[in-house]
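K.L.:
Sequence:
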Amino acid sequence: KEGYELAKYHCSSCHQFVPASSLDKITWEKKTLPPMGKRLGLTILWDSKYVENDNFTGGLNFKDWMKIVDYYLKSAPDKLIIPEPTVPPVKDSGIFSVHIPSYRTCSVSRTVMTAFDTISENFFTSDFYTNRLIKWNKNLDPVDSTQFLSPVLWANFYTDKNKKPQAMFTNVGFMNPGHFELGSLVHYSSLNNLSGKRDTIAKFLARPVHTTATDINNDGLTDYVVCEFGYMVKGGVYILEQQPGGKFERRPLREWPGATMTIAKDFNNDGWIDIMALFAHDLESIRLYTNDQKGSFTETEIMAFPPVNGSTSFQLIDFNKDGLEDILYTCGDNADVSTIFKPYHGVYIFINKGDNKYEQPYFYQVN
Numbered sequence: 001k002e003g004y005e006l007a008k009y010h011c012s013s014c015h016q017f018v019p020a021s022s023l024d025k026i027t028w029e030k031k032t033l034p035p036m037g038k039r040l041g042l043t044i045l046w047d048s049k050y051v052e053n054d055n056f057t058g059g060l061n062f063k064d065w066m067k068i069v070d071y072y073l074k075s076a077p078d079k080l081i082i083p084e085p086t087v088p089p090v091k092d093s094g095i096f097s098v099h100i101p102s103y104r105t106c107s108v109s110r111t112v113m114t115a116f117d118t119i120s121e122n123f124f125t126s127d128f129y130t131n132r133l134i135k136w137n138k139n140l141d142p143v144d145s146t147q148f149l150s151p152v153l154w155a156n157f158y159t160d161k162n163k164k165p166q167a168m169f170t171n172v173g174f175m176n177p178g179h180f181e182l183g184s185l186v187h188y189s190s191l192n193n194l195s196g197k198r199d200t201i202a203k204f205l206a207r208p209v210h211t212t213a214t215d216i217n218n219d220g221l222t223d224y225v226v227c228e229f230g231y232m233v234k235g236g237v238y239i240l241e242q243q244p245g246g247k248f249e250r251r252p253l254r255e256w257p258g259a260t261m262t263i264a265k266d267f268n269n270d271g272w273i274d275i276m277a278l279f280a281h282d283l284e285s286i287r288l289y290t291n292d293q294k295g296s297f298t299e300t301e302i303m304a305f306p307p308v309n310g311s312t313s314f315q316l317i318d319f320n321k322d323g324l325e326d327i328l329y330t331c332g333d334n335a336d337v338s339t340i341f342k343p344y345h346g347v348y349i350f351i352n353k354g355d356n357k358y359e360q361p362y363f364y365q366v367n
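Our numbering numbers the first residue of the sequence shown as 1 and each following residue consecutively.
Since the hints were derived computationally from the structure, they do not count as laboratory data.
One or more of the hints may lead you astray.
[Unchecked claim] Per label pair, the in silico range of CB-to-CB distance:
{"id": "1", "residue 1": "38", "residue 2": "84", "range": "49 to 55 angstroms"}
{"id": "2", "residue 1": "269", "residue 2": "61", "range": "26 to 32 angstroms"}
{"id": "3", "residue 1": "336", "residue 2": "129", "range": "45 to 51 angstroms"}
{"id": "4", "residue 1": "39", "residue 2": "176", "range": "17 to 23 angstroms"}
{"id": "5", "residue 1": "118", "residue 2": "74", "range": "39 to 45 angstroms"}
{"id": "6", "residue 1": "204", "residue 2": "298", "range": "58 to 64 angstroms"}
{"id": "7", "residue 1": "47", "residue 2": "270", "range": "26 to 32 angstroms"}
{"id": "8", "residue 1": "74", "residue 2": "129", "range": "56 to 62 angstroms"}
{"id": "9", "residue 1": "102", "residue 2": "73", "range": "52 to 58 angstroms"}
{"id": "10", "residue 1": "320", "residue 2": "114", "range": "29 to 35 angstroms"}
Note that the structure is predicted; figures quoted are calculated from it, not measured.
Glycine is no exception: its CB is placed at the ideal position from the N, C-alpha and C atoms.
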């Protein structure tokens with residue numbers, strides 16, 4: 001009882017409380033609790049034993065930490081039960097057919113991005129193994145490529161105010177978790193030659209993974225909302241606001257690691273673009289940023305999730321045709337410190353009840 005209350009109080013200061021039932025006992029003992037203890041400054045021995053030292057922080061004493069550990073190890077199940085599918089999956093491609101390119105990019109597949117440019121009707125892929133961006137035609141023949149210093153994880157294709165095609169590629173900088181600010185945004189005013197002229201409009205970004213092109217301030221210039229996933233302390237959602245001379249001013253919308261993706265649209269129908277953002281990492285949540293028309297935004301937490309969810313994406317779809325957009329949410333990032341199959345990973349539907357309130361009528365478990 002005491003360990004449970006201590007865990008609820010202290011662990012919730014960093015992320016949503018995770019009950020012991022969320023992971024099995026071995027995972028808690030060997031994979032999850034030791035990194036938590038290490039972040040608090042404890043020395044961790046090879047057999048998951050904790051040793052107090054002068055660096056121990058976090059607002060609790062060593063005895064309380066051990067009570068928290070005791071709660072998780074005594075309350076966690078020996079094994080998580082993965083439910084049988086409510087509807088058996090059907091292996092059916094439907095209206096789609098598989099086309100395999102004759103050209104192989106490399107012997108080991110490390111594709112980290114696929115994107116279709118509806119303007120030029122070309123297909124783009126990015127490879128983690130070679131850091132190459134490849135352009136394919138409609139027949140899946142490679143027609144152009146270029147190499148960056150890091151993989152491209154996101155691509156934006158759009159037209160400017162003069163209807164001229166543009167492209168923005170988001171380079172992560174460093175794929176693996178770490179305190180690195182090597183990411184960048186690269187802009188092309190023409191995709192006729194990928195090795196030709198391109199402009200880096202932002203650099204030294206903390207592992208950017210997603211970019212949304214929009215007009216934040218209704219000045220007719222294209223701005224960008226960048227998700228920097230970061231790591232531990234670095235990261236967040238940032239606005240790159242284009243200035244009249246073509247330069248960009250970077251300002252934070254929410255500085256917190258785990259920024260995963262955004263959707264920019266006028267949510268309250270006042271004529272100004274608002275932003276809905278998905279965070280993973282420890283601040284797992286969907287948050288709405290309402291434009292006050294004066295350069296600032298008001299944050300509203302739409303829904304929050306525990307850090308074991310591993311949030312990956314969301315879409316806005318009106319499932320029940322009531323005129324309100326609902327949320328399709330997926331989770332299942334299973335890396336780092338709890339690499340086991342989880343019964344709560346999968347696809348969720350949240351129905352919009354109005355006034356930023358949602359109800360979950362549907363979940364389909366997927367690992």
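K.L.:
Please test the hint of 17 to 23 angstroms on the beta carbon pair from residue 39 and residue 176.
P.N.:
Hint holds: Cβ distance 18 angstroms, inside 17 to 23 angstroms.
K.L.:
Given a hint of 49 to 55 angstroms, does the C-beta separation of residue 38 and residue 84 actually sit inside it?
P.N.:
At roughly 37 angstroms between Cβ atoms, residue 84 and residue 38 fall outside 49 to 55 angstroms, so the hint is violated.
K.L.:
For the pair residue 320 and residue 114, does the Cβ-Cβ distance stay inside 29 to 35 angstroms?
P.N.:
At roughly 31 angstroms between Cβ atoms, residue 114 and residue 320 fall inside 29 to 35 angstroms, so the hint holds.
K.L.:
Taking 56 to 62 angstroms as the hint, is the beta-carbon distance of residue 74 and residue 129 inside that range?
P.N.:
Violated, at about 45 angstroms.
K.L.:
In this structure, is the beta-carbon distance linking residue 269 and residue 61 contained in 26 to 32 angstroms?
P.N.:
Cβ of residue 269 to Cβ of residue 61: about 52 angstroms, so the range 26 to 32 angstroms is violated.
K.L.:
Given the range 58 to 64 angstroms, decide if the beta-carbon distance of residue 204 to residue 298 lies inside it.
P.N.:
violated, 29 angstroms
K.L.:
Between residue 102 and residue 73, is the Cβ distance one that fits in 52 to 58 angstroms?
P.N.:
holds, 54 angstroms
K.L.:
Is the hinted range of 39 to 45 angstroms satisfied by the C-beta distance from residue 118 to residue 74?
P.N.:
violated, 55 angstroms
K.L.:
Is the hinted range of 26 to 32 angstroms satisfied by the C-beta distance from residue 47 to residue 270?
P.N.:
Once the Cβ atoms are compared, 59 angstroms apart, the range 26 to 32 angstroms for residue 270 and residue 47 is violated.
K.L.:
I want to verify a distance hint. Is the separation of the beta carbons of residue 336 and residue 129 within 45 to 51 angstroms?
P.N.:
For residue 336 and residue 129 the Cβ distance comes to about 22 angstroms; the hint is violated.
Hints 1, 2, 3, 5, 6, 7, 8 from the list above are not met by this structure, while the remaining hints are.
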